[in-house]
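*Asks:* In case you want the letters, here they are:
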Amino acid sequence: MSTSATDSAPREGRTAKAGYRGTKVRRQRVRAAWTYLTPMLVALALVAGWPLLRTFYLSLTDASLSDTAGAAFIGFENYLVYDDGAWYGLLTDPVWWNAVWNTVYFSVVSVSLEVVFGIVVALLLNAEFKGRMLVRAAVLIPWAIPTIVSAKMWAWMLNDQFGIINHLLMALGLIDAPLAWTADADLSMWAVIMVDVWKTIPFVALLVLAALQMLPKDCFEAAEVDGIHPVKVFFRVTLPLITPALLVAVIFRLLDALRVFDVIYVLTSNSTSTMTMSIYARQQLVEFQDVGYGSAASTMLFLIIALAVVVYLYLGRRQLGVDQ
Amino acid sequence: MQRKFLIASGLTLLGTAGAAPALSAELTISCGAVGAELTLCEQGVEAWENETGHDVEIVSTPNSSTERLSLYQQILSARSGDIDVLQIDVVWPGLLANHLIDLEETLGEDAAEGHFETIVANNTVDDRLVAMPWFTDAGVLYYRKDLLEKHGVAPPETWQQLTDIAVEIQAAEREAGNDKLWGYVFQGRAYEGLTCNALEWVASHGGGTLVDADGEITIDNENAATALDLAASWIGEITPRGALNYTEEEARGIFQSGNAVFMRNWPYAWSLAQSEDSEVAGKVGVVKLPHGPNGESAATLGGWNLAVSKYSENPELAADLVAYLTGEAEQKRRAIEAAYNPTLTSLYADEEVLEAVPFFGTLYDTFTNAVARPSAVTGDNYGRVSNAFFNAAHGVLTDEQDGADAVAELDSELSRIKRRRW
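Chains as they are written, first to last, in UniProt numbering: chain A, 1 to 324; chain B, 1 to 422.
No lab work stands behind these hints: they were computed from the structure. As the structure is a computational prediction, the values presented were derived from the model and not from experiment. Do not rely on the hints blindly, as some may be mistaken.
To be verified - For each label pair, taking beta carbons as the anchor points, the in silico distance ranges come out as:
| hint | chain 1 | residue 1 | chain 2 | residue 2 | range |
| --- | --- | --- | --- | --- | --- |
| 1 | A | Leu140 | B | Gln161 | 43 to 49 Å |
| 2 | B | Asp179 | A | Val47 | 34 to 40 Å |
| 3 | B | Leu38 | A | Phe261 | 24 to 30 Å |
| 4 | A | Ala72 | B | Gly81 | 44 to 50 Å |
| 5 | B | Asp399 | A | Met133 | 35 to 41 Å |
| 6 | B | Glu117 | A | Ala72 | 35 to 41 Å |
| 7 | B | Asp402 | A | Met170 | 29 to 35 Å |
| 8 | B | Gly81 | A | Val108 | 44 to 50 Å |
| 9 | A | Leu140 | B | Thr52 | 34 to 40 Å |
| 10 | B | Glu109 | A | Ala71 | 36 to 42 Å |
| 11 | B | Glu216 | A | Leu46 | 35 to 41 Å |
| 12 | B | Asp179 | A | Tyr82 | 34 to 40 Å |
| 13 | B | Gly81 | A | Ala138 | 33 to 39 Å |
The beta carbon of each residue, even a glycine, is placed where N, CA and C say it ideally should be.
Starting from the given sequences, assemble the full structure and let the hints guide the process.
*Replies:* In structure tokens:
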């Protein structure tokens with residue numbers, strides 16, 4: 001495919017014949033590369049490219065789930081259309097913008113909490129103590145349980161009448177009446193965030209732990225000898241060194257959080273107070289059978305996630321540049 | 001030796017597998033699991049299996065009707081024959097008609113004779129009978145006879161009376177140590193069940209039915225706003241906040257464990273409340289739902305039907321199963337054992353039925369004059385309409401906005417939906 005540095009550099013110093021042989025070898029390599037890459041590219045085009053393009057195409061039609069074949073092309077009407085003195089379409093739908101706001105809020109809050117708690121857990125696990133392996137395995141449990149199962153489990157624990165969370169809080173005297181965690185509009189978003197954070201701390205903790213184990217011991221020993229406060233060591237030495245791993249963890253979690261579906265759907269169903277973009281898109285696609293409009297929502301979801309990733313990578317690179 | 005045996009048994013297996021379809025076919029049915037539904041369905045299906053020698057597998061589906069519809073729509077739009085017989089809600093025939101067979105073709109012109117005409121009409125789409133009525137439903141008010149007697153009050157006739165009684169009894173009982181007692185429980189989750197509840201509040205306040213028979217949007221009126229505001233005033237006072245996430249079974253759980261004075265639910269809850277392990281057995285009364293100052297009592301028409309998928313491999317056999325399950329003997333058994341309202345008029349005069357479920361007689365008018373959700377007039381868009389309505393009602397219940405704002409907003413939301421072809 002592309003000319004690598006090792007490939008082109010020695011060629012300049014060779015004779016014409018060697019140059020000819022070099023090109024032949026290069027051609028062979030290129031051919032081999034394409035041969036090996038093609039199956040994967042075809043597979044990617046089939047499983048990722050085609051659905052994406054089809055979704056984008058469907059968003060320009062009035063297709064319905066019961067009859068996708070008889071769809072008519074309607075341009076950008078699913079997104080925005082002016083009709084009878086008023087604007088219609090996805091971009092004017094307050095429910096959609098509410099879903100966008102909910103998604104962003106959920107993502108920012110839950111990913112921030114996960115990163116903070118993940119680092120704390122990783123630092124704890126990085127310390128030498130007896131039974132460390134056992135604790136490491138135990139910490140992984142929330143991540144190992146399928147989201148649907150853990151969400152249902154939390155739904156029962158958060159139940160207002162017989163849930164154990166209310167029971168505990170009341171026994172501790174923190175509240176006098178049971179709280180309706182998943183029903184109360186003020187609480188349900190926090191309940192959802194709490195369950196998500198509980199589930200994904202292990203993921204962040206594992207990535208950070210791996211980074212911590214790679215760190216050179218000498219600078220910590222030097223800091224200890226110099227008598228520098230551990231908090232200062234953490235912010236000045238540890239944190240900058242694990243930043244690359246953190247950036248990876250954050251991007252993974254951010255992508256997951258922006259398209260969150262299962263945990264919220266199980267806990268609070270279609271309630272608008274926690275509805276995210278994915279839940280909105282599913283509702284349009286499946287419940288209302290409106291494949292056209294639902295595809296428009298899915299396309300917007302894709303664009304918003306893509307935008308978030310681009311912005312994040314841009315900021316991330318700048319951040320790294322400053323550090324260097 | 002062993003090899004020979006394997007080959008022989010393999011051949012035998014092949015033989016039976018090849019012969020099986022000729023002898024007995026395998027059908028699948030999806031029936032609900034709310035209350036005693038699943039057990040009843042299993043028993044009914046088993047009786048048919050014994051009679052005909054065919055095998056029927058019961059597929060479990062979600063309890064929430066909103067989610068069950070989604071599942072059906074996915075299966076049917078993929079033209080999958082995975083489910084032969086589908087239990088469908090009274091508001092779905094129009095939505096699913098294209099995927100269902102005409103039962104009059106397989107079962108004969110008189111297939112639906114003797115069933116409530118309104119339901120038969122509801123299940124007939126473009127002159128095709130797409131589903132057989134199985135049981136009908138209408139919201140009713142359950143109350144604790146013992147508690148009302150103890151406090152010397154009669155069952156309420158208006159929503160205001162219900163509120164006052166609930167406040168009084170809840171306060172007095174909590175004082176006496178029953179600190180888990182609530183006044184009123186209903187279905188407040190943002191789903192189809194809330195549409196039923198809210199429609200009852202609105203209609204019984206003289207606020208109409210969302211969309212009238214001509215397709216005009218009627219929800220933006222004072223009576224509807226008052227009705228929603230009244231309901232919102234219950235939350236946290238006589239209704240647990242958790243009710244904002246309750247479906248039928250969660251509400252029944254609270255009532256049946258003796259922790260509620262009143263409950264709005266469907267008739268199915270009756271036999272369960274009377275069962276041996278119920279805390280309130282023998283202490284429950286049923287009356288029609290209360291009404292507002294400007295209206296008459298209204299109960300939302302519910303009910304379930306059995307339909308046969310067009311993609312079924314054995315449509316005739318499936319139709320036969322449907323005919324059996326919706327037949328008189330089976331409907332009578334379901335009425336007596338679990339208080340499912342028959343769709344055959346004759347059974348409402350049946351002594352055995354009335355003995356088992358006394359309120360069937362007194363509430364006969366309620367069941368026959370129930371308020372229909374606007375599913376016929378809004379057609380394919382009913383899902384959106386109902387969704388907009390239950391979300392607006394949920395918004396009022398959670399205090400995000402007051403009734404007047406909610407109905408005004410709902411009015412413009414419904415106009416948006418109406419613009420998209422209804």
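*Asks:* Does each hint hold? Answer for all of them.
*Replies:* Now for the hints, and whether the structure bears them out:
1. Hint check: leucine 140(A) to glutamine 161(B), Cβ distance near 57 Å, so the stated range 43 to 49 Å is violated.
2. Judged by the Cβ atoms, the range 34 to 40 Å given for aspartate 179(B) and valine 47(A) is violated: they are separated by roughly 57 Å.
3. Range check, leucine 38(B) to phenylalanine 261(A): about 28 Å between beta-carbon atoms, so the 24 to 30 Å window is met.
4. The supplied range of 44 to 50 Å is broken by alanine 72(A) and glycine 81(B), whose beta-carbon atoms lie about 29 Å from each other.
5. For aspartate 399(B) paired with methionine 133(A), a C-beta distance near 50 Å fails the hint of 35 to 41 Å.
6. The hinted window of 35 to 41 Å between glutamate 117(B) and alanine 72(A) holds, with their beta carbons roughly 38 Å apart.
7. For aspartate 402(B) and methionine 170(A), the hinted distance range of 29 to 35 Å is satisfied, since their beta carbons lie about 31 Å from each other.
8. In this structure the supplied range 44 to 50 Å holds for glycine 81(B) paired with valine 108(A), their Cβ-Cβ distance being about 46 Å.
9. Separation of leucine 140(A) from threonine 52(B) is about 52 Å and departs from the stated range, judged on CB atoms against 34 to 40 Å.
10. The hinted window of 36 to 42 Å between glutamate 109(B) and alanine 71(A) holds, with their beta carbons roughly 37 Å apart.
11. Between glutamate 216(B) and leucine 46(A), the C-beta spacing of about 49 Å breaks the proposed range 35 to 41 Å.
12. For aspartate 179(B) and tyrosine 82(A), the hinted distance range of 34 to 40 Å is not satisfied, since their beta carbons lie about 58 Å from each other.
13. At roughly 46 Å, the beta-carbon separation of glycine 81(B) and alanine 138(A) lies outside the given 33 to 39 Å, and the hint is violated.
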